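Peer 1: Given only the sequences and the hints, what does the whole structure look like? Please build it.
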Amino acid sequence: MIVFAAELKALPLAVFGIVLAVTLGVTYWAAKRTSSASEFYAAGRGITGFQNGWAIAGDYMSASSFLGFAGLIFLFGVDAFVGLMAAIVAFVPVLLFLAERMRNSGKFTLADVLSFRLRERPARVVAAMGTLAIVIIYLVAQMVGAGALIQALTGVTFTPAVIIVGGFMLTYVLFGGMLATTWVQIIKATLLMAAGTLLTVLVLAQVGFNPLELFRQARDAHPEGAAFLEPGLQFDSGIALLSFGLAFVFGTAGLPHILIRFFTVPDAKAARGSVGWAVFLIGSFYLMVMIVGVGARALLSEEGAKASGETGNLAIPELSLDLGGGEGSVGGDILLAVIAAVALATILAVVAGLVISASGAIAHDLWSNVVRKGRDSEKEEVWVAKVAAATIGVLAIVIALAGGAEFNVSVLVGLAFCFASSVTFPALLLALWWREFNTMGAVVGMLSGLISSVVLIGFSNPVWPGDTSPLGSLALDNPAIFTIPIGFLGCYLGTKLSSEKGNERQYEELYVRSETALGAEPAAEPVRERPPRREEAAPEPVGTR
Amino acid sequence: MGSGRFTRADQPAKAQTFDWLAIERSPEFKELVATRRKIITPLTVIWLVVSIGYLILAAFAPSVMGWQIADGLPFAWLAAISQVMLTWAVTWSYLRKADRVIEPLEKRAAEVAERKVEGSPA
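First to last, the protein sequences are chains A and B. Per the numbering used here, the first sequence starts with residue 1, numbered consecutively. Per the numbering used here, the second sequence starts with residue 1, numbered consecutively.
Treat the hints loosely; a few may be bogus.
To be verified - Quick list of simulated restraints, FRET-style, between CB atoms: (1) B:Val64 / A:Val463: 30 to 36 Å; (2) A:Gly403 / B:Lys30: 52 to 58 Å; (3) A:Glu436 / B:Pro27: 45 to 51 Å; (4) A:Glu327 / B:Val64: 39 to 45 Å; (5) A:Gly167 / B:Ala70: 22 to 28 Å; (6) A:Gly167 / B:Val112: 51 to 57 Å; (7) B:Ala61 / A:Thr190: 51 to 57 Å.
To be clear, the hints were calculated from the coordinates, so they are not data collected in a lab. Bear in mind the structure is a predicted one, so any value in this text is a computation, not a measurement. Each residue gets a CB set at the ideal place from its N, CA and C atoms; glycine is no exception.
Peer 2: Right, here's the structure in full:
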């Protein structure tokens, strides 16, 4: 028999309940406004740039940003700043190369942009494969992390915790589509910023608002002493650090669930503006995470440090308990409950965004445009998208439960970023900027990025059976330093070696559209009540192809 | 074309009537693209140098990254802060130029193209 709860903690569960109730209310509101495909995938393109900036922040900052990175800083000191910083500078290429162009030339998925100028079916199939590979791995990582966290924070055990998270995720997506997902992400980002600010102020108050004192105390508290303030604790080698950093720097611009957020705004101006808000929020949050992570090392008692776990994931919850007044105090319990609820909201917002991007890849790319060749009705596409979302969600729940806590969450997240940087990013960038690029180039490039990532991760130390990989010091937990060039090289060689001629006319169209917004998907009319279903089911006019 | 892209009723029908090649060759479009490139290129170079430079320092120059500027003030912290500042500065600079310089050119290029469609007999 499954044990559903070891030792339930009432207060965190109550705060969880409030957060969940609010998100369900939002979903109910959004469900009335979601029926067409553009409403389901893209919230009717009626999200403002400001709202979308908050939603991007909510979509991007997973529990690994909040608890994971702070935990790594707690364990390894300044070496762990690198991951955070690679994750913020990564928004520059998103802004300069992709945000406006995605909005101008795409509709619902990354493959829309690729298939504009490439042969549609192969381009959509490989792009959808890349999207699904990234999303499923990222989703499983979040689920496993969620299960472990909820267990630690509330006493609800791993299996029911994963099922609850999966259930809420599917509720948002199936009933409220992108509109509900967006508002869950905005609420989460608000909670996260508030929690980050609160913790930062409380930590700094302990040292008289002198960060230097905080660093000194952390150094003195760390078993390695001065090494806490020097690089070298987290990464085995310089190459390992560089490769890990590159995966984040170039991977963000290939993450499907981030890029599809640009389809939710009315125009390119709002798309670029939303990146401005997002980097302001994410950058501020990361500055605070550094203080809080160092603070956890400086301020946690020996007991608290031990309770933070081998991964450091629980350093922040332990710290909030201490800052609130310690174990058993009212203040400590309340602060811990609030932080736990923020962590839960964080996970829910990210997984909902991931599932929507996967459902688009399956329903819009594979079903509607490859299998049905655009002959399906819009109603059918939305229906397939919901079935796809449910299937992906259930699949991720099953994988997470089957692998359980055995999966190393940071290996999975690293793998997802490695895929994004070497599969989707090169093809997307070249499709928009390289005139000669053709279908063969995209197919070869994406497949070589995908296969090389899988093979090299298979050879990495955490995965390879036994402790030492045959690749020796070149076996990297995150092989992006090899796979990004392989992905680009695949695109280049595939293009140059195939006899296929690039379709000039379509490149010109994509080029002009992406630069000028001519022919871009219009924003929907102001959000309206659900239209009568019958109208939608009207047959497509004959001969539209 | 064998494509599902333009078959849906929700697609703007006008998109098919533009002469994309003519727009691409128009001086207005060329100016738009050249201007945007002039803005993006230096920002990209600055971004690449600073962000990859940071990673390389962290990876291969432990003596620099491990420098303690003062007691309790590690260089690594300031270097990390510099990355956030870099991101903010590049973003702000691009958004400002996009609003002031690029957007008017974008509008003009689009207007010229739309006028051509209206004026053409087809």
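Peer 1: Of the numbered hints stated previously, which ones are contradicted by the structure, given in increasing order?
Peer 2: 3, 5, 7
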